[in-house]
Every structure is written in structure tokens, then in C-alpha cells.
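Residue numbers (the working numbering), protein chains in the order written: chain A, 1 to 324; chain B, 1 to 110.
None of these hints come from the bench; they were simulated from the model.
Any given hint could be a false lead.
From chain B, some residues computed to sit far from chain A (all C-beta separations above 12 angstroms) [claimed, not checked]:
id, residue
1, Leu12
2, Ala39
3, Ala56
4, Ile67
5, Leu70
6, Leu71
7, Leu73
8, Leu74
9, Gly75
10, Gln77
11, Met78
12, Val80
13, Gln83
14, Leu84
15, Val88
Ranges between beta-carbon positions, derived for each pair [to be verified]:
id, chain 1, residue 1, chain 2, residue 2, range
16, A, Gln148, B, Pro22, 36 to 42 angstroms
17, B, Leu12, A, Glu138, 25 to 31 angstroms
18, A, Ile111, B, Met78, 19 to 25 angstroms
Glycine is no exception: its CB is placed at the ideal position from the N, C-alpha and C atoms.
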Amino acid sequence: MSRHSRKHAVKANNKATAGVKKPAAITGELPRFVPENGPEERPGHRIVAASSAHLAEGSASSASGAQAETPGRNRARVKARRQVQRTDNLEPNGHKKTTALSIFTQIIVLILCILLGVGYMGQQRNVQSSYSSLSESELVRLLDETNQKIDQLTSQKNQLSSQLESIRNAVDKQAELKQMEENNQKTAGVIAGTLPAQGPGVRIRISEAEGKTIPASALFSLIEELRNAGAEAIQINTVRVVTSTYFSDSASGVLSDGTLLQAPYTVLAIGDSNALRNAIEISGGIGSTLRVQYKATVSVDEKETLKITHIRKPRTFQYARTVE
Amino acid sequence: MVAVIGLIIGILIGVFAQPSIPVELQPYLPIMVVAAFDALVGAARNYFERNFSDRAFIVSIISNVVIAALLVLLGNQMGVGSQLTTAVLVVLGIRIFSNATAIRRFIFRG
């Protein structure tokens, strides 16, 4: 192997060089730095250059008075020259090759090195993601970080939960308020006559006798009796009775809220049907007054569901204001 | 030199293309990479000693990689996977250091 020959050449060099500590085999001892005396090294001519360098060195060292064994040096010189002849036939990399084969091998070398590079980068990327490759301190740090994050997230979750609870409560409350408001509105509407109402109550039919017109006061008393008995919504003919309803006599009949009421009158009242009936039928009450005084026929019917459909427009007050 | 160029190209491909390593290879990849590096440093040492041979380099890199992978496989099957891997890595590290020392020696010797 040419490597063997090289070793010999190297050994020759070592022997020829005076005073240079020969480095041991692979133990890492630092060789002393030998300054290059000869010309620039070229492959194939190394031995020659080295030999000339050593010759020069040898003379220099002898000039400086260093001791060198002359026979050893001569032997080395001869050996070196022989090495030169042997190595001159070979190419710089020490092997005879055809160009095609060399290109092929170079390509293979290229491919192998590319694979090596790719494998290296791939492994680098892989190593980051596996826990088994981390050191203990790194794992401890990772664990600590994870615990901290857990605490943080737990406190955040609690915060958000409480927020959600409060919002839910608010929503419930709002829904409740809305419900109450709606109820109030309904009630107010029913009372104000702006909404139709339905419920149990009584239907009173009053038909006038010939010649005897029922005055407004009688009708008013009837309405009052119904109100006192707890009627929640009252309708007479087409007029919805509210707090501001009035009855007045006119030439053509009874006026109520600007509407002319004609007999027979149909009064619908929603409330406790028993109480309402009693209010009319009680002895000495309005029912008997109407029958006796005005000879009118009064019939009271209790009904399960009574529908009061007439409504009135809501009115805005001119003088009265709410107290803020 | 061709090897250095190939190495650089491979690293660039690895950085930009980010190829995914097949799953079966993944446990063996680090050892294979280190063994290939050992063969590379050995080839560099031969280059500095002026007896570099492409053929020897190719054979050495392939044989190093295969032997290292086989050793890891053997260790996994025996149940001493991590210890054997560590041992192989130690030996490869020693070889790399020795080759590097030789290279350094040759560089500074001239």
C-alpha cells in the first residue's frame, strides 16, 4: 500500500530532521512546529522538497552546531530519493485511475455526502421533539414551566367561570325584569283599555222597556257596581270602560266617551263571575233598580271565557307628569 | 472538493426542503450520522496524508454506517440499546479525535 510507503517516507523525514521530537503513535503529543525551509510543497515532489529541506536544515543545524548523525541522514537521503522514483509514476492521490471511473466514484462520493448532510439536518430537527433526549435539568425546567402554566390556566378558568356566572345571573335577572315589565305592561294595558282582554266574567244584557230610557246615571251606577265587585275589564256595547269613561245624557241617547250607546246594552265584565253577578243581582242593587224603576230586562250570564276586544287609543296627559 | 460540496448541498437541502425521515430509520439515524462523520474525517486524514482514495472512502463510509446501524439494532434486540449506543458513540468519538489529531499534525508539519 502506498500508505505504508508514505509512512516510511515520513519516518525518514523524522530521522533526517535534527532535534525534532518524533511524535509517538496516536496519543496526541504535540509535535514541535517545524518551520518550512524549502520551497512550496507540491504533490509528488514532496519527498524531494523535504529532502532538500532537510539537507538545508542539516547544513544549517550543523552550522549552528547541533549534533546530527551523518550516516543516518545519508541513509535517509537515499531512501527518500528512492521513494521519489517510486511515487513519481503515481497520480497525486496515489492511485492509477481512468477518468470515467474517477468521475463515477466522485459522483458516488457526492451522493453519499448529500445523504449525510440531509441525515444530519433531519436528525437535528427530530431531536428537539423527543423527551428522552433531554437532560435531567432540562426536564425539570420543562416540568416547572408546565406546572406554572397549569396554575395560570386554572386561575384564568376560575376567573372566566365566575364571569360567566355573573353574566348568566344578570341575564336571568334581565329576563326576570323583562317578564315583570311585560306583565306590568299587560296589566297596565288592560287597565288602560289599550289591550284586548279575555277571562271569566259576566255578560249583562239590558234591554229597555218601551218609553223608559235608561239614563246615564243608571248605567254609571252599573259600571260602578261592577268595578266595586272587582271587575278588571269592562266593555259596554262598543266602548271600553276605563277610569276616564263618562256617561252623559244626550238627546239621542247616552253618550260614553263620545260614542252613542243604544239599547239594548251588552255589558261585558271580566272578573270573579260570582262576585260580579252578586253585585248586579243583589236585592236592592242596580239590577233590581233597573227592573223596577225602568222596567228594563236585565239578564246576567256567567261566562268562562269572555273576550273584550274593543280597545281605546292611549292618551297622553297634558298636565299630569310622573314624579321622578 | 467533491465531498465538501456534497456535504454543503446536503445540509442546504436539509434546511430548506426539510425532508421527513422514514420512521423505521429514525432510531438509527444519529449513530449513522456520527459513523458517517467518522468515515469522513478518516478520509480527510487520508487526503492530508496524500493517500486518499475515492474507493476507500466510499467503502468506508458505507461499511461504517451499516455496521453502526447493525450494532444499534443488536443492542436494541439484546435490551442494552442505550448502553451499546453510548459505547459505539464513544468509540466513534475516539476515532474522530484521533483522525483530527493526525490531520492537525500534518497541517502543522507541512
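Evaluated hints:
1. Leu12: violated (8 angstroms)
2. Ala39: Given that some Cβ of chain A is not farther than 12 angstroms from that of Ala39/B, nearest at about 9 angstroms, it is violated.
3. Ala56: Label violated. Min Cβ-Cβ 9 angstroms, cutoff 12 angstroms.
4. Ile67: The claim holds: Ile67/B sits with its nearest Cβ about 15 angstroms from chain A, beyond 12 angstroms.
5. Leu70: holds (17 angstroms)
6. Leu71: About 17 angstroms separates Leu71/B from the closest Cβ of chain A, which puts it past 12 angstroms; holds.
7. Leu73: Consistent with the label, Leu73/B stays out of reach of chain A, its closest Cβ about 17 angstroms off (over 12 angstroms).
8. Leu74: holds (20 angstroms)
9. Gly75: holds (15 angstroms)
10. Gln77: holds (19 angstroms)
11. Met78: Consistent with the label, Met78/B stays out of reach of chain A, its closest Cβ about 19 angstroms off (over 12 angstroms).
12. Val80: Since the minimum Cβ distance to chain A is about 16 angstroms, Val80/B lies beyond 12 angstroms and the statement holds.
13. Gln83: Gln83/B is indeed farther than 12 angstroms from all Cβ atoms of chain A, at 14 angstroms.
14. Leu84: holds (16 angstroms)
15. Val88: holds (15 angstroms)
16. Gln148/A x Pro22/B: 36 to 42 angstroms: holds (37 angstroms)
17. Leu12/B x Glu138/A: 25 to 31 angstroms: Holds - the Cβ-Cβ distance for Leu12/B and Glu138/A, about 29 angstroms, lies within 25 to 31 angstroms.
18. Ile111/A x Met78/B: 19 to 25 angstroms: This hint is violated: roughly 33 angstroms between Cβ atoms.
The structure does not agree with the numbered hints 1, 2, 3 and 18 stated previously, though it agrees with the rest.
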